[in-house]
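A.B. asks: So the protein sequences, as listed, match chains A and B.
With our numbering, letter number 13 in the first sequence gets 13, and the count goes up by one each step, no holes.
With our numbering, letter number 89 in the second sequence gets 206, and the count goes up by one each step, no holes.
Hints were generated in silico from the structure; no laboratory data involved.
Keep in mind that the hints are not guaranteed to be accurate.
[Stated by the list, open to error] Selected chain B positions facing chain A (in silico; Cβ < 8 angstroms):
1) GLU159
2) LYS166
3) PHE220
4) GLY221
5) GLN222
6) GLY223
Quick reminder that beta carbons are idealized off the backbone N, C-alpha and C, glycines included.
Residues per chain are reported as follows:
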Amino acid sequence: GAVVSQHPSRVICKSGTSVKIECRSLDFQATTMFWYRQFPKQSLMLMATSNEGSKATYEQGVEKDKFLINHASLTLSTLTVTSAHPEDSSFYICSARVRGGASYGYTFGSGTRLTVV
Amino acid sequence: GDSVTQMEGPVTLSEEACLTINCTYTATGYPSLFWYVQYPGEGLQLLLKATKADDKGSNKGFEATYRKETTSFHLEKGSVQVSDSAVYFCALSGDNQGGKLIFGQGTELSVKP
Numbered sequence: 001g002a003v004v005s006q007h008p009s010r011v012i013c014k015s016g017t018s019v020k021i022e023c024r025s026l027d028f029q030a031t032t033m034f035w036y037r038q039f040p041k042q043s044l045m046l047m048a049t050s051n052e053g054s055k056a057t058y059e060q061g062v063e064k065d066k067f068l069i070n071h072a073s074l075t076l077s078t079l080t081v082t083s084a085h086p087e088d089s090s091f092y093i094c095s096a097r098v099r100g101g102a103s104y105g106y107t108f109g110s111g112t113r114l115t116v117v
Numbered sequence: 118g119d120s121v122t123q124m125e126g127p128v129t130l131s132e133e134a135c136l137t138i139n140c141t142y143t144a145t146g147y148p149s150l151f152w153y154v155q156y157p158g159e160g161l162q163l164l165l166k167a168t169k170a171d172d173k174g175s176n177k178g179f180e181a182t183y184r185k186e187t188t189s190f191h192l193e194k195g196s197v198q199v200s201d202s203a204v205y206f207c208a209l210s211g212d213n214q215g216g217k218l219i220f221g222q223g224t225e226l227s228v229k230p
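Only chain A is shown next, with the shape it has when bound in the complex (with noise of 0.2 angstroms):
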């Protein structure tokens, strides 16, 4: 089935620096990927729609400055958390939506937990 690889799993970053986080459809294109934040015990909070070779499409609230979104090719994507601070800790997912015939789902890839100290 269509897989998204999600790297880094985790990463600790010191307040001020950047972390990536990339994504991969490993077996499928994927012309959308979405980007997805997570706090402890609450659900997904859509952040942005990622579409290839264009601009992303931010949620209201989302500071797009911050969160940096690239989706240079059709099998990658990333998100680059700026200038991190501790209140950017957090679990962050994506997901691509997986076209097939007459019905669709969705793939999300494995998290990547954030920590900001």
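Using the hints provided, position chain B relative to the given structure of chain A.
C.D. replies: This is chain B only, laid out in the frame that chain A set:
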């Protein structure tokens, strides 16, 4: 706008008990409905889905039926196992969302031996 509401957790059950996690939705048109499961420290895995009214999704002993008349998609399992302990998310995707998934708040299930 479109939304999904799940019953609040945590839900604690003994092994082999019956499970029902309620999920209702608000949407225009005819959304597709999903249940995802998240094990600790991991991403989401699709558990089952239904794309039209009266469809029943099933997987690993779990079932959910798309009920348009009650706008519901309740998750059920007749006999839970300790390995079913996880957080379960109900979600929908419709024509209005441009492919986005709208998630419920999640329900944590804990199954005790």
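A.B. asks: Run every hint past the structure and note whether it holds.
C.D. replies: Here is how each hint holds up against the structure:
| no. | hint | in the structure |
| --- | --- | --- |
| 1 | GLU159 | holds, 6 angstroms |
| 2 | LYS166 | holds, 6 angstroms |
| 3 | PHE220 | holds, 5 angstroms |
| 4 | GLY221 | holds, 7 angstroms |
| 5 | GLN222 | holds, 5 angstroms |
| 6 | GLY223 | holds, 5 angstroms |
In this structure, none of the earlier numbered hints is contradicted; all agree with it.
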